[in-house]
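Novice: Chain by chain, the residues:
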Amino acid sequence: MKKILSIGCTAVLAAVVACAGCGKDGETADGEFLGLKKGETFTTDQEISLTFTRPTGNNAQEKWWTDTIAAFNEEYAGRIKVTCTTATRGNSREYEQKISIWAGSDSLPDVLYVDGPFVSNYANSGVLVPIDRYIYEGYTDDFLDYVNDQNTYNGRLYTLSIVDSTVVLFYNKTVLSEERIAVPDEIADAWTFDELKTTATGLTKTVGAKKRYGLQIAGDAGEWLSYAFTPLWTEGVVNSEGKVTTGYLNGDAGVSAGEYLRSLVKSGAVYASATSSDFSAKTPTASMALMGTQNISEFLALGEDMCDWGVTFYPADDEGKISAPCGGWTLGITKNCASGKTVAASEFLKYCTSKEASESCARDTASPPSRKSLYETMPEYSDPNNAMYSVYSVIKSQILTSAQLRPKTVGYEVFSTEMSNALKDILYSTGYDTQAQIRNRLTTAATKIDASIAQIKIY
Amino acid sequence: MKTTSVRQKCIDRTGWLFMLPAIVFGTVFLIVPIVMCFLYSFSDFYMLRPEATQTVWFDNYVALFRDEIFGKAIGNTLLFVVIVVPVQCALALGLALLVNRKDRGYGIFKLAYFAPVITSMTVVSLLFQLFYARDGGVFNLLLSAIGVPAQGFLQDESQAMFCIIFMSVWQGAGYQMIIFLAGLQGVPKELYEAADIDAANAWDKFTHITLPSIAPISSFVFVITLVGAFKMFTQSYIMTSGGPNDSTLTVVYYIFQKGMSEQLVGYGSAISMLFTAAFILASVFKNLGAKGIGAYKKYRASVLGGY
Amino acid sequence: MRRKKILKIVFYVVNTLVGLLFLFPLLFMFLSAFNPARTLPTQIGSFGDFLPEYLTASNLVSVFTRIPMLKYFGNTLLYAFGTVLGVLVVNSMAGYALAKINFKGNRLIYNFIVIMLIIPFEGITLTLYLVVKTLGILDTPFAVILPSLFSCFYIFMFRQFFLGVPTALIEAAEIDGSGAFSTYFRIVVPTAVPVFITVFILEFIGKWGDYYWPMLTLTSETWFNVQIAIKEFSTASPYHWGTVMASLAVVTVPVLVVFLCLQKYYIEGIATQGIKDM
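Chains as they are written, first to last, in numbering that gives the first Met the number 0: chain A, 0 to 458; chain B, 0 to 306; chain C, 0 to 277.
Keep in mind that a hint or two might mislead.
What the hints assert, rightly or not - Calculated lysine to aspartate or glutamate pairs in the EDC-like style (CA-CA distance at most 16 Å, straight line):
| # | chain 1 | residue 1 | chain 2 | residue 2 |
| --- | --- | --- | --- | --- |
| 1 | A | Lys172 | A | Glu375 |
| 2 | A | Lys172 | A | Asp304 |
| 3 | C | Lys230 | A | Glu93 |
| 4 | A | Lys281 | A | Asp251 |
| 5 | A | Lys265 | B | Asp134 |
| 6 | A | Lys204 | B | Asp134 |
| 7 | C | Lys3 | B | Asp195 |
| 8 | A | Lys456 | B | Asp58 |
| 9 | A | Lys281 | A | Asp317 |
| 10 | A | Lys354 | A | Glu375 |
| 11 | C | Lys3 | B | Asp102 |
| 12 | C | Lys99 | B | Asp195 |
| 13 | A | Lys371 | A | Asp140 |
| 14 | A | Lys209 | B | Asp134 |
| 15 | A | Lys37 | A | Asp140 |
| 16 | C | Lys99 | C | Glu170 |
Stated by the list, open to error - Taking CB as the label site, the calculated pair distances span:
| # | chain 1 | residue 1 | chain 2 | residue 2 | range |
| --- | --- | --- | --- | --- | --- |
| 17 | B | Ala194 | A | Ala208 | 49 to 59 Å |
| 18 | B | Trp56 | C | Phe141 | 31 to 41 Å |
| 19 | B | Ser4 | C | Phe141 | 17 to 27 Å |
| 20 | B | Leu280 | C | Val88 | 28 to 38 Å |
| 21 | C | Ile5 | B | Trp202 | 56 to 66 Å |
| 22 | B | Ala194 | C | Val252 | 39 to 49 Å |
| 23 | B | Arg6 | C | Thr139 | 42 to 52 Å |
| 24 | A | Glu177 | C | Thr139 | 15 to 25 Å |
Source of the hints: derived by calculation from the structure; they are not laboratory data. On a predicted model such as this, the values are computed, not experimentally measured, just so you know. A virtual CB, placed ideally from N, CA and C, is assigned to each residue, including glycine.
Bound-form chain A, shown alone (with noise of 0.2 Å):
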């Protein structure tokens, strides 16, 4: 009996490891362009069929995406057939674990949209191949340029972006006019934190029997908190490698980054969040909320129900300097896509990436679109009698003047997880009200992660 059972045990072991093991690496030996020159059709003998995984979106996303692909498919009818399927995003990071389990099994699909500070992480592990041999050069000259940085790893391009996303401030107007507050028109003019801060404690009042806040900042932990602020923190939030943090998360500057977060939330104006709706109700919890663009299709979609809203400049350091968070979801090519399929993936990449599917995806989703030109032809970026152009061309000169990408880090899992919770600690825990208990708190975080990041191999 044992005997059996210790050969069961064994068999089925080695069937896992062997399948465990079996992933290849997609790439050739030279450096040849394997891909298709500019103009030129796909062609094959035989239908090619592509997997393709994204996140579950919102009802415009998903719109968006199921259309593209039917067209897709129309086009390329019996030479590539994509089939898409989409994974839960919860609120956890629960594609990135669904994405590392699949690595981990040998189940990947052949083309995945990943989020973008994951493209590192991502390209060194090999879940990624590089795409640089299939897109001909010149393709990315129209992309944003720190987007084809965010989608670079070590000289080499992994993904393509269809659009971008940043961090803008929205406020409601009503009651901002009601306060007599001017909103800066001109990113020269755009509020620095400071001003930020005395905006937000003036605009705190108690409104009939409800308090109602200055600004709305989420309060949950996972990535947001490390993303929105990461610009305070002046010299870096890590080394040019991507592999220390200590000396710069806990660093000067990012000890008086810490102070001013402590002190604009004991200003008693900051209401704690991650739920949109605290801000875009008609009597807001809150009436200004620091959030990320991809929440505005999610205010137009709410119609009359949404309180009357603008936007305006992510805040400014002392100096009038704005670094705007940026950088988004993206598309890459996994190594689980067999060598015979990765031209016909490339064409889907670019077919998604196009102008004209980069255009009806920044206008469906409501998302600054990844190409420059578009800003230029676009009329909700480019005409002032646009309805939108108001909202937009904040995003517009924010993008093309101000843009800083999250850390190239192959740990950014570990980075902003930790980062997150340091924040969170700083902002609402009891106990960080010296310079030294801030320090020892963002120290913390930065052995945690430098321990965590140095267990990861690079290959």
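Once you have looked at the hints, place chains B and C on chain A.
Specialist: Coordinates of chains B and C only, in the frame set by chain A:
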């Protein structure tokens, strides 16, 4: 002699046949994963790149002994276990005593005490986050009524674990209550009637009849509560994500963080294995302890006679 | 007599007060399901703040119209019943063998099972996923059903129960020439209905509330269970607090019904636990 051994062989065969489905499913879905986990704990398995896995022998375990966060996680878990197990068992027994009556309407009370067990953890933790809020939370409103300044609760390193403990006790007690209730209903009526004749008071009846009668069921409750408490994860995951400053980070949470979130499967597996090994050791000690207590009881019985 | 009456009233009062404390989240959830407000109360000055301004059924309606909730109910019922059936067969037989059949290796297996109780699921997620993938059952109902069939805890529970079944009963049947399996199914199982119902309820509640593992293994929307569905629903925009609570209330109802119907047996089934020495 020979007939017994044939008979025994037959019994063996029947026994293993009855065990067969469990052995098949247990092997495939529990033993194999554990054995793999054990093997991985000697490797640098990185989930995103399984093909580059190498054997590192005891590196993960050595690193664990130097890992301060792991030490902190052990401390937090022990704190949780040491408080939750006795408090939750006591509360469950109290509830069982409260509800152990035959009057009308007691089905509703039982349901009420069981309600937190069947309510989604999302609802429960959402509510408690609301209650624990620094501004406008129910607990702080109650405190301010008696002149105590507002507390941080979940946002205070020194209080967060106790807040989670409080919620866990409240949430889980109903389950153990039902088990105790069952035990109480099994206590023979005659014992109480005899005590009434002796004019014993309620407390004497409780300590001399009720407690000894439910002793065996208590040990069952104790074991399941203990095992559950050691595996605490969800509450920290949903309510505090291990914070503030890792004060609610438990061992299982750390396994999840390292093995799943940070994809360091080798390291996470090593923690799992240490955790299991510690429990095996503890159960060995518990058996030794039980033997010791048994020996003492025997000794006392021989000295005192009877009781 | 008078004293007894006072005691009775005291017990009612105390139970009502403590009961409300425990019933609160459930009441809160059901009340919020009918709340038209888009956000949850931010300040709780009194219990009045929990009460909605007026009641509306639109939240409940949107749970069933915005997503195919009935389909998810069907899926979840399939997983729950599939698992429960298997769990009852697999673990009761093992528990019976451990309690009543003195086969070689009995004690060893029993000790092993007690120790396995401590293995945290979080520790073996990836390796279990690898196994399930190797078997080729990912994204099928089997991926959620098969791995939960074997349970140390239920084997432990069944064993505790079967220890209390008189051996004479089994021996009598065997003398009558009944085989081991027919003795088990015809004589033993009918005496064990309460414990079967207990395990039924526990596993049903567990499977109904299962989220993480189905989330990892069931990728197609066709196979979603209710928990994945409501998690999706609650994080999807536009966020509406009342609707989220309504979705939670809707998925709690079946569990509530199961518990209410089987409550009596449940207590009876648990009553036999742990009576025997472990």
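Novice: Determine for every hint whether it applies to the structure shown.
Specialist: Tested hints:
Between Lys172 of chain A and Glu375 of chain A the alpha-carbon distance is near 27 Å, which puts this suggested pair outside the 16 Å criterion. For the suggested pair Lys172 of chain A and Asp304 of chain A, the alpha carbons sit about 15 Å apart, so the restraint of at most 16 Å is met. Of the pairs offered as hints, the one joining Lys230 of chain C and Glu93 of chain A holds, with about 11 Å between alpha carbons and a cut-off of 16 Å not exceeded. Between Lys281 of chain A and Asp251 of chain A the CA atoms are separated by roughly 41 Å; this puts the pair beyond 16 Å, and the hint is violated.
For a cut-off of 16 Å, the pair hint linking Lys265 of chain A to Asp134 of chain B stands: about 12 Å separates their Cα positions. Taking the CA atoms of Lys204 of chain A and Asp134 of chain B, the gap is about 15 Å. The hint holds against a cut of 16 Å. Restraint check for Lys3 of chain C and Asp195 of chain B: the C-alpha separation of about 14 Å stays at or below 16 Å, so the hint holds. The suggested pairing of Lys456 of chain A with Asp58 of chain B holds, with an alpha-carbon distance near 14 Å, which does not exceed 16 Å.
Only pairs whose Cα atoms come within 16 Å are accepted, and Lys281 of chain A paired with Asp317 of chain A is rejected, the gap being roughly 33 Å. In summary, the hint linking Lys354 of chain A to Glu375 of chain A is supported, as the alpha carbons are separated by about 12 Å, within the 16 Å threshold. For the suggested pair Lys3 of chain C and Asp102 of chain B, the alpha carbons sit about 12 Å apart, so the restraint of at most 16 Å is met. With a C-alpha separation of about 39 Å, the suggested pairing of Lys99 of chain C with Asp195 of chain B is violated against the 16 Å cut-off.
About 9 Å separates the Cα atoms of Lys371 of chain A and Asp140 of chain A, which keeps this hinted pair within 16 Å; it holds. Between Lys209 of chain A and Asp134 of chain B the CA atoms are separated by roughly 12 Å; this keeps the pair inside 16 Å, and the hint holds. As the CA atoms of Lys37 of chain A and Asp140 of chain A are separated by approximately 13 Å, the hinted pair is consistent with the 16 Å bound. Between the alpha carbons of Lys99 of chain C and Glu170 of chain C the distance comes to roughly 11 Å, so the proposed pair stays at or under 16 Å and holds.
A hinted range of 49 to 59 Å holds for the C-beta pair Ala194 of chain B and Ala208 of chain A, which are about 58 Å apart. Checking the proposed 31 to 41 Å range against Trp56 of chain B and Phe141 of chain C shows it holds: the Cβ atoms sit about 37 Å from each other. At roughly 42 Å, the beta-carbon separation of Ser4 of chain B and Phe141 of chain C lies outside the given 17 to 27 Å, and the hint is violated. Roughly 34 Å separates the CB atoms of Leu280 of chain B and Val88 of chain C, a value that falls within the hinted 28 to 38 Å.
Between Ile5 of chain C and Trp202 of chain B the CB atoms are about 18 Å apart, so this pair departs from the stated range of 56 to 66 Å. Between Ala194 of chain B and Val252 of chain C the Cβ separation comes to about 44 Å, which falls inside the hinted range of 39 to 49 Å. Checked against the given bound of 42 to 52 Å, the beta carbons of Arg6 of chain B and Thr139 of chain C, roughly 44 Å apart, stay inside it. At roughly 58 Å, the beta-carbon separation of Glu177 of chain A and Thr139 of chain C lies outside the given 15 to 25 Å, and the hint is violated.
The structure shown violates the earlier hints numbered 1, 4, 9, 12, 19, 21 and 24.
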